[in-house]
Each structure stands twice: as C-alpha cells, then as structure tokens.
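> So the sequence lines, in the order shown, correspond to chains V and G.
Our numbering puts the first residue of the first sequence at 11, with every later residue one more than the last.
Our numbering puts the first residue of the second sequence at 11, with every later residue one more than the last.
What the hints contain is simulated information worked out from the structure, not anything from laboratory work.
Among the hints, a few may not be true.
Any copy, or any two copies together, can satisfy a pair, since identical chains are not distinguished.
With a straight-line Cα cutoff of 30 Å, these simulated DSSO-like cross-link-like pairs (lysine-lysine) come out [unchecked claim]: (1) Lys128 x Lys184; (2) Lys149 x Lys223; (3) Lys243 x Lys197; (4) Lys120 x Lys243; (5) Lys273 x Lys149.
Here the structure is a predicted model, which is why all the values come from computation and not from measurement.
2 protein chains.
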Amino acid sequence: MLLLKSSSMFTVEVISVGNELLNGRIANTNLQWLGGRIYSLGGWIRRAVIVPDVLTEIVSTIREAVNRKPDLIITTGGLGPTYDDRTLEGVALAINVELEECEEALEMIKTRLEELFKMGVIDSPDLTESRRKMARLPKGSKPLANYVGTAPGVLIEVNKTKIACLPGVPAEMKDMFDRYIAPLISKEEIEVVEVNFVIEDLPEAILAPEIEKLAHKYPEFYIKSHPKGFKGKSVVEVQVKGRGERCKEIVEEVLLELESSLKKLGARFYKQNKNKG
Amino acid sequence: MLLLKSSSMFTVEVISVGNELLNGRIANTNLQWLGGRIYSLGGWIRRAVIVPDVLTEIVSTIREAVNRKPDLIITTGGLGPTYDDRTLEGVALAINVELEECEEALEMIKTRLEELFKMGVIDSPDLTESRRKMARLPKGSKPLANYVGTAPGVLIEVNKTKIACLPGVPAEMKDMFDRYIAPLISKEEIEVVEVNFVIEDLPEAILAPEIEKLAHKYPEFYIKSHPKGFKGKSVVEVQVKGRGERCKEIVEEVLLELESSLKKLGARFYKQNKNKG
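From just these sequences and the hints, can you work out the full model?
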C-alpha cells in the first residue's frame, strides 16, 4: 500500500481516551473494529492516538488532529458520568468553545433513564449531578442518542473537520458509529476482497522483492507480507486486500502474478479466503 | 488516577507502525503488553500513536514525540526486510542523521542467518539485498541483537530522550524489550497490587461521587470504574491498582473505604483478586 493518497480518500483520525488502554488492562479493540469498518466504507485511518484520562493530553491531541485537517476525527471513551470522563471538556478547550448544558442531550438522558428504570436495570431514574454532567456538551454540538447505554455522543464541526465523540463501551460505540457516523463516510459499503496466502518455506527477505514489484504495480491495494515467526520453517502470511468496483478482478490478477513468482521461487503456499462484501 | 505526574515518573511514548493496526486486521496487543510491563517497572505511557507504513507519517510522529521530551520513545514494527519497513528511515529523518550500514548490525544478521540455516529454518544464509537493508541504521545507533527473529533493534539517544526501535512480531518485541529496554526503566520490578470489584446493582453515575472521593484521596493509585453494560442489572467493574512499597497496605485501606461506601448505598459486589508481584 505504497500510495495511500489522503487527497482522494476520506481521511479519519481516531483518538482513544482511557488509562486502561495504556496500562495493560485492555487492548484497543475499538480501534481495530473502527479500522475495518472505515476501510469497507472507503475511508482510511491516517493516524490513531491513545491518551490517558488527563485533560492536557486530551486537549493537545485533539488540537493537533484538527490542525492536520482530516475529514473526520473520532474520539472514543470519556463521555460517562465519572470525574475522569473528560473528553468533551477536552474538545471544548481544543476548539475554543464553551461547555454548556444541551437541552436535547438532557432529554435523551432522561428518556434513557426512564427506559432503564422501567426495565429494572437501574433503581432510580433520578437525574443526579453525575448524570446531568453527561449533557454538558461543547457549544454548537449535535447530541447523538445512545440506544445501548446512557451517555449521548457528540457531533461537531470545526474548519470542515467533523469531530465525533463516541462512548468507550464497545457495544455503545459500534451502535452509534453505524447509526450516525458511517453515513458521513459513505452511503453504502464498498465491496472489499481480501485474500491471505500462507507461505511456508520462503523467508520474508527472499519474498520481499516480489511483493514490492506487485505493490508498485497495484498501488491502491494492500499487498503486504506479515512474518509469523519460525515454526520449523519460516512462515509468512501475505495479505492482498482491495476495495471498489473492479477489486475482485484485480485481486485475481495480483494472485495469478504472485502464484507464478512463488512457483518460480519453489515456495509452498496455501490460500486462506476471506471474501467480504 | 488524577495526578499522574510526568515530572516524577519515567515517561514513555509508544509509536506503533503498520497498516495492519489501522485497517482492522489486528488489534494492537503489543501496546497492551508494553503498557502492563512499563507500569510494573514504575513508568507510564503518556501517549501512544499508531501510524501506517507511510514515511511522512512516521517522520512527523517521531519528531513530535521527541519534542515532548519523554524519557523514552519505543517504536514497534517496520524493521524488516520489505520495501514498506521504513521505521529506521523515519527515525533518521526525524532526528536529522544519516542512515548508514552498521557493521555490528550486519554481523548480527549474518550470525542469525547462519543459525537459522543450520536449524533448517531458511534455505540459504545468503545476505540478499533485502536482508542487508536491515543493517542500515540511523548514524549513532546501538544495534540490539534479535534472539528470536533476524532484524536487529535499535537504541539511539537525542536530547536526553532514548529512542528504542523494536520489531513488530510480538515474540521478538517482547524478548528485546525485556533484554534491553526494561533495565533502562528500572533495575527491578515494582510490587503491583490490583483488585477489581464487580458491582452489580449500582449504576456508574451513582457510584461516581464515591470513586471521585477516593481518587482524590489516593492520587497515586488507579481507582476507576469501568461500565460493563446492562445485563438485567447494571454491571460496573471498579479497578484499584497501585504500585510501590506500601501499595498492599494502601490498597487495603482503599478497599475498606470503598466497601463501606458501597454498603451504605446498598450495592451488591464481589471482589476479583489479581495480585501480582
């Protein structure tokens, strides 16, 4: 993937907020999920940053991302009711707007509290100070209703860059992304074709020039080798991944060329098909 | 964890290089592992950035990290023999030094190729152009021998910030970190105590003020609630994590106070012990 052009593709930056992502507690599976979804919508993540629940770090990270002018910045985490949920305060400071209570967001929270109370999930629908805090949004924000949890998401625009603030709980984040954010990237899924080769007796270094040739020839495709270590013999996985109208055809072309090179080099290989779309 | 002071703690930034971390292929488990190790060595990751295999992104990310003056920058990935392994080129450009063939690194590569050849893992120990590329390091680097794979790591210092470039293959990265990088952070593991509560009928918003009180009282500890969604009732996990000489004692103190607040609020909870160290 040599010529990933930000000029022609919808560019996304992701900012993940949370100590738990930096102290070994959890892996950032939200980022992985977003990466796959954004790819299949025709966009790409140009950069992802993970910061702790420290306001100065959140502010500087958002400010830097805004300055790089991506089409979209997605933050995950830090929207909840606790003292260390400070993402919206960070966004407000970064883009120089006030934080103010949003009537629409407050209504969303009240509605969810009533629903959860009726379902017996919470003991009281009272709008405590902590819950009310979740309605304090950067001025000019559009609140995004949360159909899984309680905290509303946020959509705001600054200098043609959209900023979407989504919850950190995966189920809430995914629902909100698919509902409100995916359509901003594309109205429909793009066809994605991915084929993975496992190559069993050809070290990556020998394979490298062949991969490079193909990657230059098909710059709009991911053609990449992933060394998998040595298990008696060296094991390398080669990924060929493309999207768009002619992608199936082109992937077939790439595969034929790769197979022919590999045969010349005397490698054993087998395909793992992962077709999507 | 309100007062994570960068002034007193060993500060690390992690830069992960690889398209596969941004297009949904894999989760960044290297970052998770490093986070846990660095925490138990007494340091903290202040920021982590993930960039694709795009030279300009690698260069700007490293340059920005150097300007923030952490004690250590760790890069993972992009040291291999293929055309898109460009981390060292990125480091050289970012800190304004030349890339040059390092005799010591070349010897390391030759030694490993001979070993792997004798083990029958590779068909030829020949120093191909692709393999030779792995010995081109930023001028002034100390190469780090790779006892698992082939590509040497790199250690270089700029303005009192150490930059360690480690492979992306997890087994290689972990071995190299423990061998060369961990001792730069601390000569010994620090005692870490972590206790997790699962709280089953108290929503995070009600819990929030109690957690906040404790977090303020014990600023050097992680005391954080993690909402786990609604399963009939709301489920929240509270993590209490500390390190250092008196950590066991202090964690016990925190737990007693937390238990007493929870009882007053009528919550059901149970402990999950994760003691280490």
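> What hint numbers does the structure not satisfy?
When the structure is compared with the hints, numbers 3, 5 turn out to be violated.
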